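Trainee: Please model the complete structure; the sequences and the hints are all you need to start from.
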Amino acid sequence: METKAFQKIYTKITQITKATCSLKATGIGYEEMAIVNGRLAQVVKIIGDDVTLQIFSGTEGIPTNAEVVFLGRPPVLKVGDELSGRFFNAYGDPIDGGPSIEGEERQIGGPSVNPVRRKQPSEFIPTGIAGIDLNNALVTGQKIPFFADPDQPFNQVMSMVALRADADKIILGGMGLTNDDYLYYKNVFDNAGALDRIISFVNTTEDPPVERILVPDMALTAAEYFAVDKKQKVLVLLTDMTLYADALSIVSNRMDQIPSKDSMPGSLYSDLAKIYEKAVQFPDGGSITIIAVTTLSGGDITHAIPDNTGYITEGQLFLRKDTDIGKVVVDPFRSLSRLKQLVIGKKTRADHPQVMNAAIRLYADAANAKTKQENGFDLTDYDERALKFAKDYSDKLLAIDVNVEVDQMLSTSWNLFSEHFEPAEVGIKQEFVDQFWPKES
Amino acid sequence: MEKTNKMTKGKVAGIIANLVFVEVDGPVMQNEICYINLDETKLMAEVIKVMGTQAYVQVFESTRGLKVNNTVDFTGHMLEVTLGPGILSKNFDGLQNDLDKMDGVFLKRGEHTNPLEDDKKWEFKPVAKPGDVLEAGGWLGEVKENWMPHKIMIPFKFKGKYTVKTVAQEGEYTIHDKIAVVTDENGKDIDLNMIQKWPVKVAIKAYKEKPRPFKLLETGVRVIDTLNPIAEGGTGFIPGPFGTGKTVLQHALSKQAEADMIIVAACGERANEVVEIFTEFPELDDPRTGRKLMERTTIIANTSNMPVAAREASVYTAMTLAEYYRAMGLKVLLLADSTSRWAQALREMSNRMEELPGQDAFPMDLPAIISNFYSRAGFTYLSNGESGSITFIGTVSPAGGNLKEPVTESTKKAARCFYALSQQRADSKRYPAIDALDSYSKYAEYPELEEYFRENIDPEWPEKIRLARDILIRSREVSEQINILGDDGVPVEYHERFWKGEVMDFVICQQDAFDKVDCSASLDRQKYMLNRVLDIYHTTFNFESFEDVSTYFKRVINTMKQMNYAVFNSDKYNESEKELNSIIEERKVA
Chain A
215 METKAFQKIY TKITQITKAT CSLKATGIGY EEMAIVNGRL AQVVKIIGDD
265 VTLQIFSGTE GIPTNAEVVF LGRPPVLKVG DELSGRFFNA YGDPIDGGPS
315 IEGEERQIGG PSVNPVRRKQ PSEFIPTGIA GIDLNNALVT GQKIPFFADP
365 DQPFNQVMSM VALRADADKI ILGGMGLTND DYLYYKNVFD NAGALDRIIS
415 FVNTTEDPPV ERILVPDMAL TAAEYFAVDK KQKVLVLLTD MTLYADALSI
465 VSNRMDQIPS KDSMPGSLYS DLAKIYEKAV QFPDGGSITI IAVTTLSGGD
515 ITHAIPDNTG YITEGQLFLR KDTDIGKVVV DPFRSLSRLK QLVIGKKTRA
565 DHPQVMNAAI RLYADAANAK TKQENGFDLT DYDERALKFA KDYSDKLLAI
615 DVNVEVDQML STSWNLFSEH FEPAEVGIKQ EFVDQFWPKE S
Chain B
2 MEKTNKMTKG KVAGIIANLV FVEVDGPVMQ NEICYINLDE TKLMAEVIKV
52 MGTQAYVQVF ESTRGLKVNN TVDFTGHMLE VTLGPGILSK NFDGLQNDLD
102 KMDGVFLKRG EHTNPLEDDK KWEFKPVAKP GDVLEAGGWL GEVKENWMPH
152 KIMIPFKFKG KYTVKTVAQE GEYTIHDKIA VVTDENGKDI DLNMIQKWPV
202 KVAIKAYKEK PRPFKLLETG VRVIDTLNPI AEGGTGFIPG PFGTGKTVLQ
252 HALSKQAEAD MIIVAACGER ANEVVEIFTE FPELDDPRTG RKLMERTTII
302 ANTSNMPVAA REASVYTAMT LAEYYRAMGL KVLLLADSTS RWAQALREMS
352 NRMEELPGQD AFPMDLPAII SNFYSRAGFT YLSNGESGSI TFIGTVSPAG
402 GNLKEPVTES TKKAARCFYA LSQQRADSKR YPAIDALDSY SKYAEYPELE
452 EYFRENIDPE WPEKIRLARD ILIRSREVSE QINILGDDGV PVEYHERFWK
502 GEVMDFVICQ QDAFDKVDCS ASLDRQKYML NRVLDIYHTT FNFESFEDVS
552 TYFKRVINTM KQMNYAVFNS DKYNESEKEL NSIIEERKVA
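Residue numbers (my numbering), protein chains in the order written: chain A, 215 to 655; chain B, 2 to 591.
In case anyone wonders, no lab produced these hints; they're calculated from the structure.
With a straight-line Cα cutoff of 25 Å, these simulated DSS-like cross-link-like pairs (lysine-lysine) come out:
1) K602(A) <-> K555(B)
2) K109(B) <-> K259(A)
3) K198(B) <-> K160(B)
4) K560(A) <-> K430(B)
5) K488(A) <-> K68(B)
6) K121(B) <-> K293(B)
7) K413(B) <-> K475(A)
8) K586(A) <-> K555(B)
9) K259(A) <-> K68(B)
10) K430(B) <-> K584(A)
11) K68(B) <-> K226(A)
12) K584(A) <-> K541(A)
13) K584(A) <-> K555(B)
14) K430(B) <-> K643(A)
15) K68(B) <-> K222(A)
16) K475(A) <-> K405(B)
Covered stretches of chain A (in silico footprint by chain B; criterion: 3 or more residues with CB under 8 Å from a CB of chain B, positions within the stretch not fixed):
17) 322 to 331
18) 460 to 474
19) 478 to 489
20) 527 to 538
21) 574 to 581
22) 628 to 641
In this text, all values refer to a predicted model and were calculated from it rather than measured experimentally.
Backbone N, C-alpha and C define an ideal beta-carbon position, used for all residues, glycine too.
Mentor: What follows is the structure, encoded as structure tokens:
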């Protein structure tokens with residue numbers, strides 16, 4: 215009883231919900247793609263000969279006699295060098311008016327890399343932003359999100375990082391981007407003359423939300439093509455992963471699943487991990503680095519989306535407006551790059567780790583002093599000095615408009631130390647103090 | 002009782018993600034393993050529920066492309082691991098496939114690799130003599146596995162007493178060669194080789210008794226060994242919000258802890274963290290034996306992007322391997338990072354089966370599953386008088402950093418040591434971020450262990466630990482008062498009390514895991530440092546104003562930190578100590 219499903223047209227839908235439709239069909243593979251009245255759909259459940267399809271763009275206007283054709287394959291992306299410089303939608307179809315891609319079809323959401331075939335990330339990615347390079351150095355093969363409130367300039371910072379980072383390809387996965395932000399990225403990349411090494415998969419707010427769940431897999435399938443087949447250094451930008459997770463919760467809700475924390479599906483951790491764990495360093499030089507954006511509501515990082523993300527990613531970056539200097543800074547307390555230990559003091563100068571820690575500790579002392587000041591207590595001489603240091607540190611190093619080399623960041627730090635403190639107050643290993651403490655002039 | 006009857010077969014009847022319904026043609030067992038045939042591959046699955054002739058199975062791999070009517074072969078046994086020489090230094094996945102034997106960059110679905118080496122010859126030495134009467138777990142002989150005496154035992158599945166008939170002579174054998182013949186109580190001869198199998202969800206009980214733990218397990222981490230000690234054969238857990246250093250701490254333990262063997266179960270965590278172990282452990286020396294750390298380590302890797310259902314299997318696989326080595330009289334340390342991911346895997350499946358959910362949608366029997374698992378650790382006396390132990394430390398990743406969530410609460414009931422990682426400490430870069438006061442070790446109060454401390458460390462050690470905690474508590478109280486009343490709103494002595502606690506915090510509780518020297522402190526060194534800090538506590542100083550206090554103690558702390566960074570009793574160390582003595586003299590009231 216061999217049915218060639220992809221040739222047969224079904225016209226009898228038995229059940230329709232907001233996101234799914236069901237019909238009787240045989241010989242259908244799990245996760246197989248189908249077309250329902252011209253809309254793309256995917257098999258999400260098979261019980262006997264009852265097949266349930268999730269229609270990505272929604273079921274509005276789908277009649278019970280809609281034409282259903284099964285494609286006999288899971289979702290795929292055509293990969294090739296022609297992807298460079300192009301813009302695609304969530305299905306991998308061009309949206310820039312250019313020709314469609316002729317290339318090898320690759321299944322998206324493919325298998326994981328065998329952990330023993332990975333290499334430990336060890337290549338520093340300088341961005342020129344001291345709040346990142348000095349305190350939270352990024353490494354190829356890392357995955358790290360910006361945790362940002364919607365009003366913060368994360369898209370600007372991310373595009374800045376992308377353009378300054380030394381990458382062979384930059385792949386943008388835009389989920390629920392506003393049209394304005396989409397055009398912003400397009401402009402920035404265009405103006406930088408970098409368009410030929412950029413590939414974009416974009417789902418804007420004008421597109422159906424459920425389509426979004428395909429975007430990260432599309433972007434990462436393209437990334438794997440360049441990193442594995444072409445041994446290139448690939449940087450993947452995913453924005454905004456909160457909207458991706460929201461789309462997942464819509465789907466699970468429509469499929470009657472029991473929600474867990476914050477009405478997110480119980481599988482949220484695994485769903486996010488599957489995406490972020492595509493970040494990898496291969497021994498032969500190819501790598502995938504993921505920088506994502508997770509927007510927060512009211513700065514709440516205990517919500518299920520940032521919380522699960524934090525457990526998966528290798529650190530997180532926080533932006534904060536520093537009202538003392540009127541600039542946006544990378545928050546040194548809450549930001550963390552877990553892989554920085556692999557490069558700082560090794561690929562950068564040996565005093566880097568100690569300088570970083572000392573500066574942050576002094577900055578924390580300043581924060582305490584500030585609390586004291588706000589509560590109306592007298593400040594000690596040390597408090598006063600710490601506050602002055604904090605302002606300079608914020609302005610000269612933490613602000614996102616800083617663009618200097620790491621050595622410069624370190625010497626700026628030493629200068630600030632000597633300007634405001636005694637060596638004993640800074641608490642750095644004596645050998646570094648002997649070597650780097652600015653000599654009295 | 003050999004199973005010769007025909008194995009049950011089945012056909013796929015329905016698919017929802019990795020839950021598959023199978024129509025079966027014969028008997029099936031709960032937790033039985035089956036293989037679903039998909040094109041050329043066989044997808045491994047486990048029965049988790051049976052309704053009439055339908056078995057619900059959870060598939061350990063992706064079900065993409067699976068179709069109704071695909072055939073299924075049942076195996077008649079539960080998920081088993083293969084036990085024998087060759088486990089040490091391996092990198093396994095959650096189902097004990099040897100990851101290094103797999104081809105290609107990506108994991109292929111349905112690929113199963115041999116956990117052991119069929120052809121490798123092992124240097125065998127007999128231990129038992131003909132005529133010896135042994136039980137399951139009794140030692141027949143041993144082979145050298147990376148310098149460790151790996152015992153070849155009577156299989157754990159054997160019941161009753163067995164008389165050794167012959168044992169192979171000293172020489173080289175493969176795991177499949179016959180190394181002994183034993184006679185059972187009915188006079189039947191059984192040939193034995195070096196391998197045996199065991200179902201992972203069943204505890205191996207081949208030991209005589211399991212006493213209360215009574216010895217310290219040294220970890221080299223001061224805040225653990227000195228302030229919240231864990232016993233050999235004990236259980237502990239480390240809950241903490243992300244970014245508070247759970248994994249760094251676990252890695253520190255796996256590098257430094259005083260154990261014969263370390264099993265690391267990377268359960269649903271980041272792949273790069275496993276890569277760190279793969280990369281660094283073959284290079285790093287074990288401070289106790291001088292051999293490479295990898296020689297005593299086995300890794301079970303089920304990283305977060307690997308199939309969810311195998312996550313649950315991975316912790317059981319790790320525990321079973323630990324039990325196997327414990328039965329050889331070895332001191333095993335088992336680390337699982339993180340048990341929350343395992344609980345989440347249970348939740349995903351329970352949800353797909355449409356079971357009524359408990360709190361936060363976790364299955365109702367979660368606390369029972371967790372406490373049952375922790376109870377498999379422990380110190381044991383074997384029937385031949387030797388001892389072996391499994392010390393188990395698991396991490397928990399509480400959702401939202403909230404310690405009132407079900408996984409943390411269930412674990413708290415099961416584990417005896419609690420290492421609370423504090424966000425506040427992590428934010429102020431006070432690492433390890435273990436809050437010495439919120440954390441506890443129930444072992445510290447065991448009379449057996451107190452006696453051990455008095456004999457092996459210091460006759461007054463238990464009192465000193467209590468005093469150390471009191472100093473930290475008082476310092477915290479004073480710090481709260483200062484925050485409310487202001488620096489000049491409290492007497493100068495309050496500042497002194499606060500800073501004496503800070504000395505304890507900076508010198509004892511904090512430790513630089515990334516510094517070659519400071520990362521691990523020997524027990525001698527910990528004792529010496531604690532005594533120095535307590536001396537300072539007992540010293541009366543003379544201060545004019547509160548500003549003097551902080552400036553002064555910052556110098557004390559800085560000098561003592563230089564001591565921590567220097568090799569114990571080296572010139573550099575002694576120099577810093579001399580400086581410390583002179584600083585103390587400056588303000589000491591005679």
